[in-house]
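Asks: In order, the protein sequences belong to chains A and B.
Per this note's numbering: the first sequence = residues 20 to 383.
Per this note's numbering: the second sequence = residues 21 to 295.
One thing to keep in mind: the hints can contain errors.
Part of the chain B face toward chain A, derived, beta carbon under 7 Å [said to hold, decoys possible]:
1. Arg187
2. Leu188
3. Ser190
4. Ala191
5. Ala193
6. Thr194
7. Leu195
8. Gly196
9. Ala197
10. Thr201
11. Ile203
12. Pro209
13. Gln210
For each label pair, taking beta carbons as the anchor points, the in silico distance ranges come out as [to be verified]:
14. Leu90(B) x Asp184(A): 46 to 54 Å
15. Arg149(A) x Leu90(B): 27 to 35 Å
16. Gly151(B) x Gln124(A): 46 to 54 Å
17. Gly190(A) x Ile43(B): 52 to 60 Å
18. Arg79(B) x Ala181(A): 58 to 66 Å
Take a look, some chain A residues computed to stay more than 10 Å from chain B by CB distance [unchecked claim]:
19. Asn95
20. Gly190
21. Arg276
22. Ala283
23. Ala357
Please keep in mind that the hints were generated in silico from the structure rather than gathered at the bench.
Values in this document were obtained by computation on a predicted structure and should not be read as measured data.
Virtual Cβ for every residue (Gly too), placed ideally from N, Cα, C.
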Amino acid sequence: MTLRADIQLTRDGFVCNARFSAESGEPCTLIGPNGSGKSTVAAALAGILRIDTGSIELNKTSLDNGRRVLCPQRRNVGVVFQDRLLFPTMTVRDNIAFGLRARGQSKNEANRSAGKWLDRLDLTQHADKRPSQLSGGQAQRAALARALAIDPDLLILDEPLAELDPESKPGIRRLIADLLNEFTGVSILITHDPLEARSLAQRIVVIEDGAIVQTGSPDDLQRTPRSAFAAAFVGINLFAGVITLTADKPSVTGARRAGQSDDAPSTTIRIASPDLPDRAEVFAALHPRAIILSHDKPASSARNAHHCTVESIDPIDGALRVTLTGPIELTAEITDEARTDLHLTAGSPIWASFKATEVRVYRR
Amino acid sequence: MSRTTSKSRGEGAAPILLPVIAIAGLALFLLPLFGMVIRTPWDSAAAMLSDPAIFKALRLSLLVSVTAVLLSLCYGFPMAYLLARTNVPFRRLIRALALLPMVLPPIVGGIALLSAFGRNGILGPALESIGIHLPYSTAGAILAVTFVSAPFMVATLEAGLHDLDDRLESAAATLGASRWTIIRRVVLPQLLPALLAGTALTFARALGEFGATIAFAGSMPGRTQTLPLAIYQSLHTNLEGAFLLSVLLLAVSLVVLIALRSRIIPATSKQGANQ
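When you get a sec, could you build the whole thing from the sequences and use the hints?
Replies: Written out as structure tokens, the structure is:
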């Protein structure tokens, strides 16, 4: 099954022009900053919003082409909404059976199917409760069950972990991974949680300002992020600049952090000999672990070295992320021991160096 | 230190004048009710209440009010839904017209009804030709009372609909529910508090209706003479009877208010917040 979406619409001054596709068996993750159009895309796919022009096709059936629109009722799209939107006046069982009843199943039939989902999602003992009596994790499972019970062709999960407390997140994340593995239709997960994207995604679609800026596997995104948001999402230092081969060593000149305007101060980054011509406009990506911090200026000339100031130090899964300012803005990743050895605190002056060969360069 | 304490006290309590005015005003409202209760001839109450004329007026009042509430529900929900959930053109104008009877003097409403459904009204002759005589009939009284009280239902239900999260209705649509199913299974169950509040307000307004009824339907015992009209008539002939009937209406109003108190108060305050 294939979803082909070319969503073009304008709502309240926001322009969405998003073109992407997704296949069954290959969970697609839509990431993007707040207000980038993720929810607009979800609403258009579900039929809650109509597109102005473009097309949405699921399994070769047109859902919307700007003129003829299939109403949400006839799309067979299951949506797990960010704040769940369980029906407050119904029990959990009735919530799950709702879609089946709406499809004309008898009460008994619908309840039997709902029972299977209650069982599968470990909700049987909560079947007769109202949504307001459920914990966040239970409510999220009920919302998943309600969307899956209709056996949708397209499943949309809108930030399924966003409103959960930290304790219930890992469990629901694993559950969603399992459910997506079993799911035979096309699935789209919307998130801005990198961990969620990495553990669940096979294919990532990056949306910014209503447009798709990059599509690829999590590895692609990690290797060659193509926007400031994508780079921050995977935790990579990303610079935009121009290849310069005329100097004594190949370098990227006019390098600024991706997303910064042209009048921001720029720097030069030494690189290994690229397969790209002189003056090519490129991104330069650098992993935070490739950056070495030291008090003395490194001697080797094969290294880029910048004298920086520590702006902040934040813990991230088992390591420390050091944000540096100076001639170049960098994020470095160091161990706790390294921090103790270097006596690093916010405000410390420090040399940041990295090998030219650690910088990945690719066309913008 | 002492300054902050006195400041916080000053912010927490209202100026002394406000509660004084409030309590004095409330006393002014309660005094007449109290006077009415003590001037009621309780010893002859049983005899008066068993008077078939009073019984008829009471029964007619309940019949007219309950029917008016039912008609208001039938008209009020579609109108509220139209105003709260659709992009109908001229929505503000439609809302203003639908709520007009709330601010219209009731007797003007009665005259307006006469001009539409009276013997020489716009639709009067046509209705007459198929055997329907609205003026001076019980049906006419019901029409007059509905005309005046239905806007309360519309306003309460529209406010109730605005308080609901309409994304729940979108969620129901993605699950395949038709518009009717959504209304029946998602909207109406959530609207129950507003339906109860609207029913109470509409019933209370209907029970007290006087002006439109007397103008359009007259004051015919057993047919169009509801309790307020009966009270008005006994003012001239039997003042003590008027007191007794008034206390009866007061009691019915209190019962409605108390029975639905917990529902009405939050719902009506929300309505205020919305307007």
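Asks: For each hint, tell me whether it holds in the structure or not.
Replies: Tested hints:
no.	hint	in the structure
1	Arg187	6 Å, holds
2	Leu188	5 Å, holds
3	Ser190	5 Å, holds
4	Ala191	4 Å, holds
5	Ala193	4 Å, holds
6	Thr194	5 Å, holds
7	Leu195	4 Å, holds
8	Gly196	4 Å, holds
9	Ala197	4 Å, holds
10	Thr201	6 Å, holds
11	Ile203	13 Å, violated
12	Pro209	4 Å, holds
13	Gln210	6 Å, holds
14	Leu90(B) x Asp184(A): 46 to 54 Å	48 Å, holds
15	Arg149(A) x Leu90(B): 27 to 35 Å	30 Å, holds
16	Gly151(B) x Gln124(A): 46 to 54 Å	48 Å, holds
17	Gly190(A) x Ile43(B): 52 to 60 Å	58 Å, holds
18	Arg79(B) x Ala181(A): 58 to 66 Å	59 Å, holds
19	Asn95	8 Å, violated
20	Gly190	24 Å, holds
21	Arg276	38 Å, holds
22	Ala283	41 Å, holds
23	Ala357	49 Å, holds
The earlier numbered hints that this structure contradicts are 11, 19.
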